[in-house]
Structures are given as C-alpha cells and as structure tokens.
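Here is what each chain is made of, one letter per residue.
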Amino acid sequence: MTDLTAPARFERPSAVTFLGYLAGLVLVFWCLSGAGFSMDKVMTSPPRFADFLSRAFPPNLSGDVLGRLGWKMVETLQIAVAGAVLGVILSLPVALLAARGLIAGPWVNQTTRIVLGFIRAVPDIAWALVFVVAVGLGPFAGMLAILIDTVGFCGRFFADDMEATEKGPAESLTATGARRLDVVACATIPAAMPAFVSTALYALEKAVRSSTILGLVGAGGIGIELKVGFDLFDYPTALTVILMIAVVVIGIEQLSGHARTKIIGEQR
Amino acid sequence: MSDASLKRPGPQQRAAGPGQAAHAPDRAQPARAGHGTGAQAVPVPAIDIEARQVAKRFGDTQIFSDVSFRLERGRATALVGANGAGKSTLLRCLMGLIPVSGGEVRLLQQTATQARPAALRALRARVGLVSQKHNIVPRMSVLSNVLHGLLGQQGGPRHWSHVLAPAQSRAQAMQALEKVGLAHLALRRADRLSGGQSQRVAIARAIVSRPEVLFADEPCASLDPQAGEDVMDLFFDLARRDGVTVVFTSHNIDHALRYGDRVLGLADGRMRLDATASSLHESDLRGLYD
Ligand SMILES: Nc1ncnc2c1ncn2[C@@H]1O[C@H](COP(=O)(O)OP(=O)(O)O)[C@@H](O)[C@H]1O
Ligand SMILES: [Mg+2]
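The listed protein sequences derive, respectively, from chains U and F. For what it's worth, the numbering used here labels the leading residue of the first sequence as 1, then goes sequentially. For what it's worth, the numbering used here labels the leading residue of the second sequence as 1, then goes sequentially.
In case anyone wonders, no lab produced these hints; they're calculated from the structure. Hints are not guaranteed to be accurate.
Here are the simulated lysine to aspartate or glutamate pairs, EDC-like style, with alpha carbons at most 20 Å apart [as the list claims (entries may be wrong)]:
hint	chain 1	residue 1	chain 2	residue 2
1	U	Lys167	F	Asp191
2	U	Lys262	F	Asp191
3	U	Lys227	U	Glu75
4	F	Lys133	U	Glu166
Estimated spans, in silico, between C-beta atoms of each pair [said to hold, decoys possible]:
hint	chain 1	residue 1	chain 2	residue 2	range
5	F	Pro117	U	Trp71	37 to 47 Å
6	F	Gly195	U	Thr111	35 to 45 Å
7	U	Trp107	F	Asp66	51 to 61 Å
Ideal Cβ placement from N, Cα and C applies to all residues, glycine included.
Same shape as in the complex, but just chain F (with noise of 0.2 Å):
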C-alpha cells in the first residue's frame, strides 16, 4: 500500500473551487483552444467530470460509496481496481447509463444526476464511449457503424445507414475513419474484421461526433497484448490532438501509468487511491489489485 499517495488532489484542483458555473457557457472558446493554458491571466483549468460522494447499490449489494473527485479538462484519468470491483459501474454512473444511489454525478458542468432524459441525451451528444467489447452491430457496414456516433446529435431514420445518410454525415464519417487508418474498408460488414480492427471502428464512431469527454472501459482487453497496445496507441493520440478529457480503465498497471495523467483505484466499495500517475510506481497499484 502506498498511503503517501492516498487521496492526493494536486494544487490546481484546489484552485478549480467554486468559480466552476461562470466557466461553463464559453467552454467552446479559450479554455478549449490550448489546453485552458494559453491566453488566459490565470490558469484555472475547467472541471469536465464531478463526482461527489457517489454511491451505487444493485438490491442489497453495495458496490461502492462515498466516491468523490473532480477531473480536468484535458486530462486522461485512469480507474484501476481488481475484477468486479465497480469500474464499468462507476462508468456507467458518469454517464448517467444507470442512476446512482447517492451522491451527484456532474458531466460538462452540469448535473448528469436526475436530469430529465431530454437533457441527459443533450449532455451525452457531447460524450463518447469505447467498451470492452467493441459492441459495433455487426450486420452492418464499418462506415453505418460510424454514423450511429453522430446519432446523439442527429436522430432519425437518415443516420441509420450510411446508404441513407446525408453527404456531410458521410464525409464526417470518412474523416473519423480516416483517423483510425480503415477508411479502405469503409463498406466492409463489420463482422468480418479483426479484434484490432473493430476496436477501431468503436474509436472512429466514438470520436466522429468530436466528443469533449470520452470514457473507455477496457479498450484493449479483448485484444491480443500487440493489438492492444496499438489500439490505445491511437485512442490517446486522437484524444490528445483534440484535448478530450478522458476517463478509461484498465485491469493492466502498465496502461494505467503510461497513458493516465491520473490515476484512480478502486477497492472494497472506496476510492483508496487518486494520484498523479507520474508518482506513482507500478508496486503502488499492486495492492488494488488483490
């Protein structure tokens, strides 16, 4: 166990305090151009997810509570925890998948928690998601696969299919394939790709609506170790150029200090750990593990 790290906001955290709400309209502008560095007198980087002492119960069994912490924009939070310790369920909570028992969950500066389905949907058109399993239906074209990312901001039977779809819709489309390296096999039915592949397509259509946050559950874990490792690869690359907050987990230590800013470790229903990843080692994370 490494107690020294336990519970260890960094200095800028603190200084994201109460000011947060005045930020929120002009999220667009200056904060998201350059890193919320640049221009601005004083840094005081924007918070995109909020947690505040969230709990989540299935019946009678507790999964975690008292979960609290405020992630930046920009930044990649990693959440590490043994199997079944309640990663993919706070993931969940985050984006409003499944209600909370407790506590209050705010995405993009707004509350996620027990917001009317209308604006939910709205809260979520500006989120993308990579599960485990890349979840592409695979009776359907890569490039029909794509589309359905831009669904959240525009419904209806035109973005069904790419057959359908309007010509911007399909170059947008193109554009996300292209930076996943499949544009060539765009028409392609998408059960007939490759572990790697798919994880791409989920990438490509979690991306082609230029998502502010994104959330990935074991991107890689289905993945052979080389595949793997290529994937997240890319997924951070692409976030990066974009300055996406990202929020992933990951059952591999090495993924959770090479590709978070920060790190959060889940264990017996708490938050035992939140540290930046650049001091942390792997023998830190060991324990969460267990």
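Excised from the complex, chain U in its bound form (with noise of 0.2 Å):
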C-alpha cells in the first residue's frame, strides 16, 4: 500500500546541516561586530541624515558653482574617456596572449591571466594612488589608473570572447596555410568583435564611474569637490556634485546599452 499521508513540511536537517547553519549564524554576527554594527546609530541615523539633508538642500546651483562643476566633470569625462580608450588598444595584444590556443602557448597564456587577475585584484584607487607617487598629482595619474583598470577587465574578457569564437572559419584559414596571427586577423577578431564592442562599453561605463572618485586621492576629476565640499561643510555644494555624478553615470549607461544594441544588433 502506498503512504497516504502527506510528507513532513520540513525535513529534519542532519546534525552536520544543522552545524553548518548555526556556523553561518554565528560567522554572520561576527562580522556584523567587527563592522561596527550598532542599533543604537541605526536608530539615531535618520535625525542626523534630515540634517544633513537639510544642511545640503537646495543644491548649490548658483551659475559661477555649476560653471566650475561642469568644468571639472569635462576633465573626468576627459579622463575616464582617455584611459579607457587607451586600455581597450592596449587589452588586444594583451587578450591575444592570454588567450588559450590561439598564439602562445599555456606557458604564456597562464602568465599574462595571472597578471590580469593581480591587476584586476587591486583596487582602481588604490592604483590612482600608486600613479599619483609615480606621476605626481593630476589627472594623468588618474588616466594611468582608468588605463591599468581597464586592461585588467578588458585583457581578461576580450581573451575570452576569442576563446568562445566558433572554430570553423579559423580551421578553414589554417587549411590553406596561414599563419596563427593572419587566423586570428581574419577569422577570430571579426567573429569576436560585437563581444568586443560590447565588452568596451561596460569599460567605458566602469571608466567613468571610478573616474568621479579619483579625485578624492588627487587623481583629477570632479572627486576633488566632494571632498573639499564635504571638508568645509559646504553641504549644498557636495550635494550638487552628488546629483551631477548621478546624472552623469547614468547618461553614459543609457548611452553605452544604446549604442551597444545600435552597433551589435544590426551586425548580428
């Protein structure tokens, strides 16, 4: 006879189960302690965040304020613009490396993918931080970090889209006795680059949401602002930059998925 009766709701976890959530448990709690989890801000936080909103609105936006403002989102969107171009230049030769089966062998594939990772591992500001030593304040430390930034992603993902790339054409070139780099001219890069298209945009994207912090370290950029704004308590000013950044990254997101389906999806 078959068993009528409808299964337990639950099932009753093991003892190892059970060990594992309570670990979970207590992992979680742990580490809300060691970031400085305290119910007692939580529950004052929003008195001090109205006056803080208080203090700020309206926004700055006196002309002489916007006019400087504007300026100096010009020279992030110069920078972010700058070093994104240049690393997606530089991520092709670099993704041909470390691409497997392409032109190098594993040897140098697993290499330059280990770079990739190390760059990809450090933080954007903190390379903005290193360049800043090594070229000094400005906006071209600032345009080396975007740049590192973006081979780290591009190198990384641009390889793989070549990986992914249907073999056949390449196969077909190799037949006739072409050489690994004349394969990957003809064959591999073309059928890669709507993924590339694609892959530089996000970078662009990444590029001009970092480039609006790197200020802070004194890297250029509009980052300066928020600092100096917040330094001075000049809130309203802060707040401008704030919403300016908004709008700014969102701007280019819109642009960049636009651009993405105008280019990709006409080629496709």
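Dock chain to chain to rebuild the complex, using the hints, since each chain is given by itself in its own frame.
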C-alpha cells in the first residue's frame, strides 16, 4: 500500500547541516560586530541624515559653482574616455597572449592571466594612489589608473571572447596554410568583434564611474570637489556634485546601452 | 555488403610504387598538364595523398585505425560512412590539422605527420578546404573572404582585407569569384548571402590560390537539395578543369558515386570499402550508413 499521508513540511536537518547553519549564523554576527554595527547608531541616524539633508538642500545651483563643477566634470570624462580608449587598445595584444590556443603557448596564457588577475584584484583607487606617487598629483595619474584598470578587465574578457568564437572559419584559413596571426586577424577577431564592442562599452561605463572618485586621492576629476565640499561643510555644493555624478553616470549607461544595440544589433 | 569490392586497388595504383619520390620535384610540369597521361612513355600517375596505417584516438576513444590508401593525382575520391564514423576527423588528419595517433600521412609527396610548422604551412598553401558549414567570416566582404584564401602564399596585413590588398591579389580574387558566378557581389557583406552563395564564396576562397589538392567536407550538407546539386556541379567542374585532386566526404550515396572516381568507406573504425565508383551500386554502399 502506498502511504497517502502528506510528507512532513520540513525535512529534519542532519546534525552536520544544523551545525553548518549555526556556523553561518555565528559568522554573520561576527562580521556585523567587526563592522561596528550598532543599533544605537541606526536609531539615531535618521535625524542626523535629515539634518544633513536640510543643510544640503537646496543644492548649490549658482552659476559660478555650476560652471566650475561643469568643467571639473568635463575633465572627469576626459580622464575616463582617454584611459578607457587607451586601455581597450592595449587590451587587444594582451588578450591575444591570454587567450588559450590562439597564438601563445599555455605557459604564456597562464602567466598573462595571473598578471591580469592581479591587476583586477587591486582596486582602482589604489592604482590611483600608486600613480599619484609615480607621476604626481593630477588627472594624468587618474588616467593611468583607469587605463590599467581597463586592461585588467578587457584583457581578460577579450581573451574569453576570442576563445568562445566558432572555430570553423579559423580552421578553414589554417587549412590553406595561413599563419596563426593572420588567422586570428581574419577569422577570430572579426568573429569576436560584437563581444569586444559590448565589453569595451561596459569598460567605458566602469571608467566613468571610477573617474568620479579619483579626485579623492588627488588623481584629477570631480571627486576633489566632493571632498572639499564635505571638508568645508559646504553640503549644498557637495549635494550638487553627487547629483551631477548620478546624472552623468546614468546618462553614460543609457548612451552605451543605446550604442550597444545600435552597433551589435545591426551587425548580428 | 559487397565483399567483392573490398580492398581492391586499381592496377595503376600498384604500378605507382616505390619510384614515386623521383617525380616530386617536377610535379608542376608534364604530369600536371594532361592528366598525367599525354606525352610520357609510361603513364605513371603521381600519388598526391597517401595514408599508411593511419590511426586516430581522442583520449580513450579509438575513432579509426589501420587506414591505408593512395590517391592519384587528378582523381576525385569520395569518403563515405555513417554519421560519426570519423570522416571529418580523417580529413583533418590528412591536412595535418590534428595529429594522428599512429601511422603516417603523405601529402603531395611530403610527410604531413610530424612536419615542422613552417613545412606544414608551405604544404597547406598548396591545398584548399571547403567545409560543411561554409565557414566564411560573416562580418567581412565577400571579396575579403576570397582574398583570405591567398594567406597561405602571401601572409600579412595586406591580405587581411580587400581594402589593403595588392592589385594583383584583388584581380586574382575577382577571377575566383567570377568562376563561381559571384563577381557582382564582391562588396556584399558575407552574412547577407544565401546558403548556396556562401558555399560558393567558400569554394572561391579554396580555389583562389590554385591548389593542387582540394578537400571538401560534406560541401552541400547544409544546403537544400537543388542548391546542393548546383554547388557540387560547380565544385567538380572547377576541380576537373584544373586537374585538381579531390577528397570529399558525403552522406549522400548518389553524390559519392556520381562525383567520385573512387569510393572509400569508413565503418567500425576501419576502411571497409575501397573501390572504383563505376564498379559500385547504391546497394553496395547502404550497409555503410547503418
Ligand atoms: N576534437 C574531438 N575531440 C573528441 N572527440 C571528437 C573530436 N572530434 C570528433 N570527435 C568524435 O569523433 C567521432 C567522429 O567524428 P567525425 O569525424 O566528425 O565524424 P563524421 O564526420 O564521420 O560524422 C565522433 O564520435 C566525434 O564525437
Ligand atoms: Mg563530419
């Protein structure tokens, strides 16, 4: 006979599972305490936040402030675009070395991938600090930080994109005696182009987001205005900066999404 | 099964024995011109492709073993067998695109197995391939795709795109396109072509370098029957006109018998059939496709 009573709603966890849950819970509480979590501060923060808002509102929209911040924003975008474009260009040869089975042997692939992993592991703001030391304060240090960040990102994903292309066209060219580099240039790269475009546009979005805070460490761009605004308790100007950053970043994301469908959508 | 037709090399093949190497240097001369017969006192057809006990394994999976044959210059050989029998794999081994697990392949009278990369490239520059999926590059123009067929002979950025290509190469590519009847579409993007047109571009790319051997892996498998017939007719017209040696795989018994001079059949990891096409009937081949 089949047993028709409904099964239990919950399966009883085994002792090991139970201990696992318990350990997880302990871990979360340990982290919360490490993060200085305090219910007291949570309770008192809304009034303080409201206080900040009341002092920051309305944002400073006077002509000369908007003009100054506007130019800083232009510089920020210049840093982002210059760094991202150079980074994308440099990523291509790096990706050729990182892609398995293309032109370089496994040893080179692995070494390149490890270096790229290291580059990605270091946060962009840390790269900016390093370049400030290397080339001095200013936007050039910021551009270099964006550049290397872009190489870490695009180098890896361009390589993955090329590995994922269909092998047929490449094989057909190899069969006619073409060299590896010629095969890559004529079959692999054209096939990976839509993916490259998508990845590069994403890198640009990322660069714009990063470039807005590089100023915090003196590497150029609008970030410095944010820092100064808070340091001088000039909250209305700081709020203007925050809003400006939000508008530009959202704008760039929209634009890049539009470009993506325009370029790739039509080419597929 | 047709036991009678198994392993029956034609008389000329036996004649083309050890003296082969002597013919290698002057292949471009008399033998080439008149299908290897004309002026010579003793018509000894040259052997363009030779497999000696070739075996191929992927990991622990044996695909085939003990495959041996010698294919004469200017002849078309059909390689038949069921899906997954290893036809494409054997073609790749013949071109040195993948290493063999045993035995030896000689292509154009040179060892293709264990050849050094540069030597292998030089050898492949005398060979063309048309595959099942046309494998042309979608994002480039038809003309650039055809130019890529010259990369084996002239590498480098000038042959990456028709925009940069030397005038002579462009003219050569246009001639090849003319031969497949697509000269008027030279600047069309390759992904705006029909299946039949794409396969013609692939043929143009394969013949633009005037290869001595053409490989074709189910050249019409992805086409509808009529377009397939047209492509096969065109391909073999061009190959025969230039006396090119052809090896093609096919899942179509009729095609194998109609376009092949000789038929090789792969089954159960062995070469189960080797006969002239004229000695075979469709029924002889059916067993191979089960
Ligand atoms: N690169 C590869 N790695 C592992 N197995 C493969 C590879 N290529 C082909 N095979 C296997 O080899 C067998 C023969 O394949 P293939 O030569 O494509 O057959 P056919 O062309 O006769 O249909 C198939 O079972 C296939 O799965
Ligand atoms: Mg196949």
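Results of checking the hints against the structure:
1. Taking the CA atoms of U:Lys167 and F:Asp191, the gap is near 17 Å; set against the 20 Å cutoff, the hint holds.
2. Distance hint between U:Lys262 and F:Asp191 is fulfilled; the C-alpha atoms sit about 17 Å from each other, no more than 20 Å.
3. Pair hint U:Lys227 plus U:Glu75 holds up; C-alpha atoms about 16 Å apart against a cutoff of 20 Å.
4. For the hint pairing F:Lys133 with U:Glu166, the CA-to-CA distance comes to about 11 Å; that is within 20 Å, so the pair holds.
5. Between F:Pro117 and U:Trp71 the C-beta distance comes to about 56 Å, which lies outside the given range of 37 to 47 Å.
6. At about 43 Å, the CB distance of F:Gly195 to U:Thr111 agrees with the hint of 35 to 45 Å.
7. Under the hint 51 to 61 Å, the C-beta atoms of U:Trp107 and F:Asp66, about 36 Å apart, miss the expected range.
Hints 5, 7 from the list above are not met by this structure, while the remaining hints are.
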